[in-house]
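**Q** In case you want the letters, here they are:
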Amino acid sequence: MTRDEITDEELLSRVQQAGDRDAFSVLVARHTDRFYACAFRLCGSMDMAEDVVQDCFLKLWARPGIWKGDRAQKSGAKFTTWFYRVVSNRTLDVMRKKNPVAASDVLDMMPDDRPGADEQMIVSEEQKALETVIAALPDRQKLALNLCFYEALSNKEAAEILGVGVKALESLLMRAKASVKKELSAQGLVEGAGKGTEKESYG
Amino acid sequence: MVDDLDKILARRAVPQARSNLAARIIEASKAAEQSKGGLRGWFDISGWVAGIAVWVDVLRESLILPRPALAMATLLLFGLMLGLYFGNGLQGTEDPFQSTYVEDGFETGNWL
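Order-wise, the sequence lines are chains A and B.
The first sequence stops at residue 204 when you use the numbering used here, and every number in between is there.
The second sequence stops at residue 121 when you use the numbering used here, and every number in between is there.
Hints were generated in silico from the structure; no laboratory data involved.
Every residue gets a Cβ at the ideal spot worked out from N, C-alpha and C, and that includes glycine.
One thing to keep in mind: the hints can contain errors.
As the list claims (entries may be wrong) - Here are some chain A residues pointing at chain B (derived, C-beta under 8 Å): (1) F25; (2) Q55; (3) V87; (4) F150; (5) L154.
What the hints assert, rightly or not - Computed beta-carbon distance windows for the label pairs: (6) A:A137 x B:D15: 14 to 22 Å; (7) B:W64 x A:S172: 51 to 59 Å; (8) B:R20 x A:Q18: 22 to 30 Å; (9) A:R86 x B:A78: 42 to 50 Å; (10) B:Q25 x A:N156: 24 to 32 Å; (11) A:S186 x B:N29: 50 to 58 Å.
Using the sequences and the accompanying hints, generate a full structural model.
**A** Right, here's the structure in full:
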């Protein structure tokens, strides 16, 4: 069995029992991008997201006992589900301490491989509005949207991370989408695709 | 409308981390372990020696001074040592009263 085939829980158990650095390295390499994306979608800052993920992993390395492997084994809990909660909580804590990042900061970091100038401008406007609207959502709605829509977790997993029932999660998700839709409609951006076509026809 | 919303939501991008974040985390974990190690990072020790090593680490950490202060303290200490070593030579052997007393004559000497 290669390192890549070993489950996260088994890797963590090796870290706990023998301080296995290789196991820790595999765990970090396997999940850093996923948790960075999760943190970034919550805070909108690359620096903050990187710091949060690094802090969380280093805390896990320093005190691997914070993962209750035995209890998790009994309840069937996964490392990723638990670590999503750790990263999300840490991100929200850091965000409360620091000023939220303006949506324009997020736009500066967007990739440059957009098709055309007009389209890019429209996408940028959409992105800016979307980031602003999502940033304004209550924390739990924001987290529900991120976990279910972007991290593609099941409702059950997302509910577990948020510490609520599945029904409550669905309600949070519905309210989050409704708020986003309402705000984007007010800005005329939900029909943005149609407007974009009009703009393109002018050019 | 909902389709539009989902499309817009799906366009939300996440920029890649600036550098190899995973490698940085692994390196940081090594550094954290080394700095935590102290003497134990240099020598393979165990048993009661390890206990002493912990105390040495604690002492060493409590004695760390900022570098400018450390330099100043070393200089002062060096100066003090020099002063003590050459103390007798610098003090001189003359009685200070002798140097300030001008002797005009045997009976008419005056203090300056």
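**Q** Would the hint on A:F150 stand, with a C-beta cut-off of 8 Å toward chain B?
**A** Interface hint status for A:F150: holds (6 Å vs cutoff 8 Å).
**Q** Taking the closest Cβ pair, is A:F25 under 8 Å from chain B?
**A** holds (7 Å)
**Q** Do the numbers back the hint for A:V87, that is, is its least Cβ distance to chain B under 8 Å?
**A** violated (14 Å)
**Q** Taking the closest Cβ pair, is A:Q55 under 8 Å from chain B?
**A** holds (5 Å)
**Q** Is it true that B:Q25 and A:N156 lie within 24 to 32 Å of each other by Cβ?
**A** For B:Q25 and A:N156 the Cβ distance comes to about 29 Å; the hint holds.
**Q** When you take the CB atoms of A:R86 and B:A78, is the distance between them in 42 to 50 Å?
**A** holds (44 Å)
**Q** Starting from the hint 22 to 30 Å, judge whether the C-beta atoms of B:R20 and A:Q18 obey it.
**A** violated (44 Å)
**Q** Falls inside 14 to 22 Å, the C-beta gap from A:A137 to B:D15?
**A** Holds, since A:A137 and B:D15 (Cβ atoms, about 20 Å apart) stay within the stated range.
**Q** Does the nearest C-beta of chain B fall within a distance shorter than 8 Å of the C-beta of A:L154?
**A** violated (15 Å)
**Q** Does the hinted range 50 to 58 Å hold for A:S186 and B:N29 at CB?
**A** violated (41 Å)
**Q** Using the Cβ atoms, figure out if B:W64 sits within 51 to 59 Å of A:S172.
**A** Holds: the Cβ-Cβ distance is about 57 Å, inside 51 to 59 Å.
Hints 3, 5, 8, 11 from the earlier list are contradicted by this structure; the remaining hints agree with it.
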